[in-house]
Amino acid sequence: MMGEVSSASRPSIRERFRLQWEPVQAAHVLLYPEGMVKLNQSAAAILTRCDGATTVADIVADLERTCSATGLGPEVCAFLEHAVRQMWLELRE
Amino acid sequence: MNGAREEAAAHAPRPGPPLWLLLELTYRCPLHCAFCYNPTDLGSIGEELSTDEWLRVLAQARSAGAVQLGLSGGEPLVRKDLEAIVAEAHRIGFYTNLITSGVGMSESRIAALKEAGLVHIQLSFQDSTRAMNDFLSSTRTFELKARVAALIRKYRYPMVLNVVLHRLNIDHVEQILGMAEQMGAEYVELANAQYYGWAWLNRAQLLPSRAQLRQAEEVTMRFRARVDERMRIFFVVPDYFETRPKPCMNGLGSVFLAIAPDGTALPCHAARMLPGLSFPNVRQSDIGSIWYDSPAFNRYRGEGWMKDPCRSCAERSMDFGGCRCQAYLLTGEAENADPVCQRSAHHHLVRQAVEQAERTASGSTGDTESPELIFRN
Chain A
57 MMGEVSSASR
67 PSIRERFRLQ
77 WEPVQAAHVL
87 LYPEGMVKLN
97 QSAAAILTRC
107 DGATTVADIV
117 ADLERTCSAT
127 GLGPEVCAFL
137 EHAVRQMWLE
147 LRE
Chain B
26 MNGAREEAAA
36 HAPRPGPPLW
46 LLLELTYRCP
56 LHCAFCYNPT
66 DLGSIGEELS
76 TDEWLRVLAQ
86 ARSAGAVQLG
96 LSGGEPLVRK
106 DLEAIVAEAH
116 RIGFYTNLIT
126 SGVGMSESRI
136 AALKEAGLVH
146 IQLSFQDSTR
156 AMNDFLSSTR
166 TFELKARVAA
176 LIRKYRYPMV
186 LNVVLHRLNI
196 DHVEQILGMA
206 EQMGAEYVEL
216 ANAQYYGWAW
226 LNRAQLLPSR
236 AQLRQAEEVT
246 MRFRARVDER
256 MRIFFVVPDY
266 FETRPKPCMN
276 GLGSVFLAIA
286 PDGTALPCHA
296 ARMLPGLSFP
306 NVRQSDIGSI
316 WYDSPAFNRY
326 RGEGWMKDPC
336 RSCAERSMDF
346 GGCRCQAYLL
356 TGEAENADPV
366 CQRSAHHHLV
376 RQAVEQAERT
386 ASGSTGDTES
396 PELIFRN
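So the sequence lines, in the order shown, correspond to chains A and B. With positions in the first sequence counted from 1, the corresponding number in the working numbering is that position plus 56. With positions in the second sequence counted from 1, the corresponding number in the working numbering is that position plus 25.
Okay, chain B solo, but in the shape it has when bound:
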């Protein structure tokens, strides 16, 4: 097996630069979202990188050609050195994006971030309480987001909202969009939860039914027609309802590089789960050698690793066989086709999950017989 892996790496095509760098500055977060994609074994993750270590990562990644920078977590505002990291990133030529829940944002921090050169903020909406059904009636959440949204506008940032949808809030899309409009949102991404990390544990609870999805899409289309260019709305369907897989990360190791809080370098923020790979750490290796030379980053480059049906599929250069993490989670083997694909021998596993969601959703509105949601802790 190892021999085959090394051979695959040896034949992997040399990729372009890691254009997109995501720094997960911390896994610490004041929220406890049941759909969080952070690892579920947070206790086993090593110590967070220091400020100097992050600055070194920025410099090395920039030399390797990275241009877009995402700063996320956890909640990146937990890091007191966020401003220093942004300032250095901006100075050396990164386009800086902050992905935040807004918890911990104050006027003095946003002023400092603006001064440091931060160009973009994506404010995400999620429920911080354990009463998921109170999503919209949670005034505390609403007031916090409204306050942060006002700061974002005051500091002349584009107003970009991201809302994770799932069975328990998808019926409220109209109210969510109304709230976004009230806050002056220019872009709203309604992204259905993707089933990794905590969301994977809670899939039976979070996957919406077809009817819910259809209804939410119709509401979105009507809203879109009314607000026109003033507010752009993107609706991301959960891929479980598709018959062809997403071109996940444009293929692992092609443009995207994530660095976890402990310095682990990953070709996708969820990839830590993939078996048999030893992901390099920025404490031991530099970004250039991690990106171009490490076996973990070469493992799924090109098509040498593919099995049937991907290997002989006419669409393999468009979807790259879908998502390796999803293939692993559902089939136990990362080299299998993403079972979202109709041509996968495991496609029935996706269909079954959707059917189960249909049954649960139509059974009782109170969900009294569903398994308990597990909140991130």
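Excised from the complex, chain A in its bound form:
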């Protein structure tokens, strides 16, 4: 469950966390017991795509399409690894 992030991984937000848009803060936030992380735009763009069904490869492709960019893979993976370490995400293969 805690494995490495690979292009076939299907990340999802852990049950204890709640990801939502906060109009008052004009930002996405990740809520957890007694705490909150305010997400920047790129973190939010990645995490909102972590639905447990979509693979990392598809998340990267979707982001590259949306942002009209290429080569986002390494940056996205680095953030996903950070999010897994923070226990925000779990990975399914």
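Be aware that a few hints might be false.
[Stated by the list, open to error] Far from chain A, some chain B residues (derived; all Cβ distances over 10 Å):
1) Pro64
2) Ile70
3) Leu169
4) Arg181
5) Glu199
6) Val252
7) Asp253
8) Gly276
9) Ser279
10) Leu302
11) Pro320
12) Lys332
13) Arg336
14) His373
[What the hints assert, rightly or not] In silico DSSO-like links for lysine-lysine, alpha-carbon gap of 30 Å or less:
15) B:Lys139 - A:Lys94
16) B:Lys332 - A:Lys94
17) B:Lys179 - B:Lys139
18) B:Lys332 - B:Lys271
19) B:Lys105 - B:Lys139
20) B:Lys179 - B:Lys105
If you are wondering where the hints come from, they were derived from the structure by calculation, not from laboratory data. In this text, a Cβ means the ideal position worked out from N, Cα and C, and glycines have one as well.
Following the hints, put chain B in place on chain A, whose structure we already have.
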């Protein structure tokens, strides 16, 4: 004085949203803890808000930007509409935390709370009997907590325990942690009592000695090393043993908003004691105007209210002068520095309380000459 207050309010910086909302749904509680921080004049508190009034508070607070919701009391399970309150809070986007002693929890209630969207439960341990020294041998208490802990696990909640420590139970930290481990706790907060409300009345009885504290910390460190990541243990030292004050509430009126059972809005659940402030009530005002415009919430925002040594202190933006309630309780003036601070002219009052605790603790183990504990009634 009033002029100065209004001026302070006028110059108070506009805060961010009230991110943390605590609803003290009721002061009613089946327990009688001697360290309870609820007000000691419970008889004078007005009628509890109705379900509809609580739902209105939730909606207004959510619009004002509140995201974290604590439901506490008293014992929140006493309220039969707890499930309805949780359901609405969850629906409109709150992260819902229930703070409970577990008394009144049943399988049907926890199932309904899960269904309503409750995401987090903090189970607190305290003694429900008058025999404080029997804390751990009270099988009734243990069985109740073990039963509720099993329900918490069954309904896939994180197992979070909070234990209030004081002189009469702090020597049993090892057994307390063993009990927590047995119950499958993932997080354990060992929080030393804070001296407000009933705990303030009982301070001479509850404040541990330095030796007790050191011993408890050592036991905790050893336990922590053994259980590693399986069980995370937080140990909160009583601030009387510190030389710098806690950044209480991150400054009054900066992120935290508490609503008392009768609808009184408070910048801290203990703040009702502060003199000269008229706290607004949600029955008369909406949350947005309470938070941003009321004199009571603006009173201690920013640094305009500070006196020396805080006013000129390099650390004032880190600790905000500590706790206003503690300054008031110990020095008689809420604008004074929290006397926990070594730089406070009243720091000796904290030192004296600790010294008194040392004497009482070393005097006799039976505490026969100590004043009687006053149990919350």
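_Hint consistency between B:Lys332 and A:Lys94 [alpha-carbon to alpha-carbon, up to 30 Å]_ = violated (34 Å)
*Closest CB-CB distance from B:Leu169 to chain A, is it above 10 Å?*
The assertion about B:Leu169 holds, with a minimum of 23 Å to chain A.
*10 Å cut-off, C-beta based - B:Arg181 kept clear of every residue in chain A*: Violated, since 7 Å does not exceed 10 Å.
*Once the closest CB in chain A is found, is it more than 10 Å from B:Lys332?*
Holds: least Cβ distance 32 Å, greater than 10 Å.
*Is it the case that B:Asp253 keeps its Cβ farther than 10 Å from each residue Cβ in chain A?*
The claim stands: B:Asp253 keeps its Cβ more than 10 Å from every Cβ of chain A (closest is about 15 Å).
*When you check the alpha-carbon spacing of B:Lys139 and A:Lys94, does it fall within 30 Å?*
It holds: about 26 Å lies between the C-alpha atoms, which stays within 30 Å.
*Say whether it holds or is violated: B:Val252 keeps its Cβ farther than 10 Å from all Cβ of chain A.*
At roughly 17 Å from the nearest Cβ of chain A, B:Val252 sits farther out than 10 Å, so the non-interface label holds.
*In terms of Cβ atoms, is chain A entirely out of 10 Å range of B:Ser279?*
holds (14 Å)
*Is it true that the CA of B:Lys179 sits at most 30 Å from the CA of B:Lys105?*
holds (22 Å)
*asked:* Beyond 10 Å on every Cβ pair: is that true for B:Gly276 relative to chain A?
replied: Holds, because the least Cβ-Cβ distance between B:Gly276 and chain A comes to about 18 Å, which exceeds 10 Å.
*Closest CB-CB distance from B:Pro64 to chain A, is it above 10 Å?*
Since the minimum Cβ distance to chain A is about 24 Å, B:Pro64 lies beyond 10 Å and the statement holds.
*Can we trust that B:Glu199 is non-interface, i.e. its beta-carbon lies farther than 10 Å from all of chain A?*
holds (26 Å)
Checked against the numbered hints listed earlier, the structure breaks hints 4, 16; every other hint is satisfied.
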